[in-house]
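In this text, residue positions in the sequence shown follow my numbering: the first is 122, and each later residue adds one.
Don't read these hints as lab results, they were simulated from the structure. Owing to the predicted nature of the structure, the values given are computational and were not obtained by experimental measurement. The beta-carbon is built from N, C-alpha and C at its ideal position, and this holds for glycine as well. Hints should not be assumed to be uniformly reliable.
Stated by the list, open to error - Straight-line distance between alpha carbons at most 25 Å, and here's what the computed SDA-like set of lysine to any residue pairs gives:
1) 181 with 295
2) 181 with 167
3) 230 with 243
4) 181 with 153
5) 230 with 247
6) 181 with 293
7) 181 with 226
8) 181 with 282
9) 230 with 213
10) 181 with 122
11) 181 with 261
12) 181 with 267
13) 181 with 152
14) 181 with 270
What the hints assert, rightly or not - What follows is a list of derived Cβ distance ranges for each label pair:
15) 233 with 164: 22 to 28 Å
16) 228 with 141: 27 to 33 Å
17) 234 with 153: 16 to 22 Å
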Amino acid sequence: MAHVLVAYATCHGSTEGIAARIGHRLQAGGLEVDVRAVGEVDALDGYDAVVLGSAVHDMKWLPEARDFAQRHAIGLRQRATWLFTVSSVGDQESFLAPSVARVMRAMRKPPPEVAALRSAVRPRDHRNFAGAIARSDWSAAGDAFLRIMGGRYGDHRSWTAIDEWATSIAAQLTTDPSLPHPG
Numbered sequence: 122m123a124h125v126l127v128a129y130a131t132c133h134g135s136t137e138g139i140a141a142r143i144g145h146r147l148q149a150g151g152l153e154v155d156v157r158a159v160g161e162v163d164a165l166d167g168y169d170a171v172v173l174g175s176a177v178h179d180m181k182w183l184p185e186a187r188d189f190a191q192r193h194a195i196g197l198r199q200r201a202t203w204l205f206t207v208s209s210v211g212d213q214e215s216f217l218a219p220s221v222a223r224v225m226r227a228m229r230k231p232p233p234e235v236a237a238l239r240s241a242v243r244p245r246d247h248r249n250f251a252g253a254i255a256r257s258d259w260s261a262a263g264d265a266f267l268r269i270m271g272g273r274y275g276d277h278r279s280w281t282a283i284d285e286w287a288t289s290i291a292a293q294l295t296t297d298p299s300l301p302h303p304g
């Protein structure tokens, strides 16, 4: 049985909730799973695979996620690795108006550190998910931006998309004979 680390960096809890849901789905798929904040992970020893995610603030992964990825780049490359990013616009969902979200998806480039991490680690996949947002999470300027963009507060996570992705990861890990073994 593969042992999987689901590591995350969160600011307001949305990414943590996604990581927990991914962990639950991986366990349901027959895998041994640890879901931990990146600051709680010292080493990747003992893990066959890693799912790593971060919230995005100011077009960047959170500093603790960036630091984790840099510190463990070699270990991530040696394991089956998946990445996910949580922001205002997911691959399927968004807390902005649908027309704005379509334009943003078309123009989206991964944050520079994610592009560098993808190059260094060569993950099996990278997904973008929309998060949850409360009025208290944003400044007055952020609130004005949200209103101008036709956005709304609330939980915009697509549990269906998250479940489908996690289920596909579990399937890959339980059927892929090339899965690296922990060093």
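* Asked: Out of the numbered hints, which ones does the structure contradict?
  -> 1, 2, 4, 6, 10, 13, 17
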